[in-house]
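Asker: So the sequences go chain by chain: A and B. Residues 1 to 569 in my numbering are what the first sequence lists, from first letter to last. Residues 1001 to 1123 in my numbering are what the second sequence lists, from first letter to last.
Honestly, the hints are just simulated from the structure, not real lab data. Don't take each hint at face value.
When the alpha-carbon atoms are kept at most 27 Å apart in a straight line, the in silico DSSO-like pairs for lysine-lysine are as follows [to be verified]:
id	chain 1	residue 1	chain 2	residue 2
1	B	K1114	A	K360
2	A	K360	B	K1003
3	A	K139	A	K203
4	A	K63	A	K210
5	A	K203	A	K54
6	A	K217	A	K96
7	A	K211	A	K79
8	B	K1114	A	K429
9	A	K139	A	K178
10	B	K1003	B	K1038
11	A	K211	A	K54
12	A	K114	A	K210
13	A	K6	A	K435
14	B	K1038	A	K360
15	A	K430	B	K1114
Fair warning: this is a prediction, and the values are worked out from it, not measured in the lab.
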Amino acid sequence: MNIRRKLLIAFSIYLLLALIPAAFSYRELSAVRKRLKPVEAAGDITNSLLEVRKNERNFLLLKDSDSLQLFRKQISMLKGGIDDIEPDIVKEIGEKNYSLFRAMISRYEELVQKLADNFNAQQKTVASLTELGRSIEHKLPEKEIQTFLVLRRYEKNLIIYRDEASISTFRHTYARIKPSSAAELPIYASVAEKLYSLYDEEKAIDPEIKKTAAEIKTFTDSLLQVEREDIDALLAMSMNLLLLSLIAVIVIGAIINIRLASGIAAPIRQIRKFAEQLAEGDYSQTLDITGAKELSSLAEVLNQMAVRMKDTVSSLELAIKNLHGKQGQLVEAEKLASLGRIAAGVAHEINNPLAIINEKAGLMQDMLELSPHFSQKPDFQALIDGIIGSVTRCRSITHRLLGFSRKMEITIELFNLNDTIRETIDFLKKEIQAKSSHIELNLAEDLPNIKSDKLQVQQVFLNLIKNAVDATPEAGQITVTTTRLDDGLVRVNISDNGPGIPKDVLKHIFEPFFTTKERGKGTGLGLFVTHAILKKLKCNISVQSEVGRGTTFSIDIPVNPPRAEEVAA
Amino acid sequence: MSKARVMIVDDELDFARTLASRLQIRGYEAHVVESFDKTIEIAQELKPEVVLLDLRLPGISGVEILMTIRQFCPGTEVILLTGHLNLEQTIEGVRLDSFHFIMKPFDIAELVQKIDALRRTNV
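Work out the full structure: start from the sequences and follow the hints.
Answerer: What follows is the structure, given as structure tokens:
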């Protein structure tokens, strides 16, 4: 899985963790809001009920039609409020509770109606009682009127006090009156009894109304209480849920974060270690990363890089090694070139005084020849010969040195090596004949023409063949062989059956001024010059010698010329 | 045939004078000139048949002297005497078609042979 996807998933989990409690909270809060409506409704009803109760008290106190009217209005408002309760709130409260509530209200209303009816009946009854009393008063005889007036006073008492004492006093007084006095008298008494019974009824209704109202109040209070408790519970639950989700976000978030971070950081640490190893030059490690796709592909690229670095470094090392070799060759060539320049300078400086010595000695000889009677002529002649001989020796050295410096220049031409060897033998004819040496030529016929500095190659052959002639005894055997080698080389072997070269001498033979010839015979420059020339021409020389058996020089010459820049060096 | 007139141009007087004596012993008319300034003047006066020229005179290159002698004394042969002959000078000499040289020190017989040979070809 790649890092991007990992991060997205982690973010989604976070979002989910935040959304779930939010959704729950929303649900809870909307439930709370829903619950608030019945609470409000219950509140409204409670308020309305309080109004009703106030009017009830007024009515019960005043018992007049105005307060009754107000009372009834309040009741109908309460009923309207209850009827207006929305069905979902009804559901919330519970159908049973609602209908119970309504029944309570109806009962209350009924009681109030009853009270009102009672009240109307009382008023009518009081009116008819008063009317009857007045008409009886007019009809009664004088002596009976006094007693009736007492009765009427008790009638007034009954109307005012409405109690049992008043009615019993009334009854008692009525019993004392002669029944025949007036026909309407019993009716009057029965109306008074009826009034009393109405009062009695009212007394019974009164507490019942109060009781019902108290019940209604208790009921709405309990409803309100239940709703409040529900809301409290919901709010508490919502709070708990929020707290829980907060903890979940912190804990799960921390776990996800730690896992995600370590999932990214661990491979990066691995990569860092790998890079450090690369920096230290350890290319043998391979980075193995699984998991994040970006990092595993980075690891793949780094592995490839390490392989390429390894290759590059090893090829660089090889190049540096080669360079060191080349540098050595250059230094060697430069050394030879400066040696050549020094040699030339020295040779020139020596040649001039040498020429003076030569000419002076020559003049002495001339003068000696012109003096026929000089007695010590033979002695002088020997002395002069000695001087001139020494000059000749010096000259051969300086001329070699000059030749050496000149031989550091190269002129490339195409020539046949076999022909050149034959020519060289021809040059040395005199020396070969003088020692009766046998020269054997084994020249390969398929030899390609080579491109090199002919004169210098010839100088090499001249040196080596002359050395061979010098080294072998009378009638010595010298063999020159040419062979075509594979890789663009031609080999020339020059062998002799001379005394051979001891090992301790062999390692010095290419050094300048090293000679085994007797003093005056060799300059010690022949093989040095030979070696220098061959190096310059990119040829290779090797020597094999066995004391008592002879010596073989092998020269490998490239068919094609050494490259210009290499020669220039 | 009389012996030739030879002019030796060399700043090494010890050498030049000794060589002149030896040539005179051998019957040559030999003159020594030690500096280049006088070379042309004396050469025009003496009209030498052969000039023996040291290639390295102070202040001037041998090749320049060679060219000047060629210019002012057309019939005169030049033999270069030198203790040092490097390749550039050799090539330059060949180009000027005057490539006769003897390296110091030399055998007088060799020089005499060369002078006579040049004189013969000129005559």
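Asker: Please go over all the hints and tell whether each is borne out by the structure.
Answerer: The hints, checked one at a time:
1. B:K1114 x A:K360: Given pair B:K1114, A:K360 holds - Cα atoms ~20 Å apart, limit 27 Å.
2. A:K360 x B:K1003: At roughly 22 Å apart (the allowed maximum being 27 Å), B:K1003 and A:K360 satisfy the hint.
3. A:K139 x A:K203: Violated, at about 35 Å.
4. A:K63 x A:K210: 15 Å, holds
5. A:K203 x A:K54: The given pair, whose Cα atoms are some 19 Å apart, holds under the 27 Å limit.
6. A:K217 x A:K96: 17 Å, holds
7. A:K211 x A:K79: With a Cα-Cα distance of about 18 Å, the restraint between A:K211 and A:K79 holds, given a limit of 27 Å.
8. B:K1114 x A:K429: 25 Å, holds
9. A:K139 x A:K178: 14 Å, holds
10. B:K1003 x B:K1038: It holds: about 24 Å lies between the C-alpha atoms, which stays within 27 Å.
11. A:K211 x A:K54: Holds. A:K211 to A:K54 sits at ~15 Å (cutoff 27 Å).
12. A:K114 x A:K210: Between A:K114 and A:K210 the Cα gap is close to 14 Å, so the pair holds against 27 Å.
13. A:K6 x A:K435: 99 Å, violated
14. B:K1038 x A:K360: 26 Å, holds
15. A:K430 x B:K1114: 24 Å, holds
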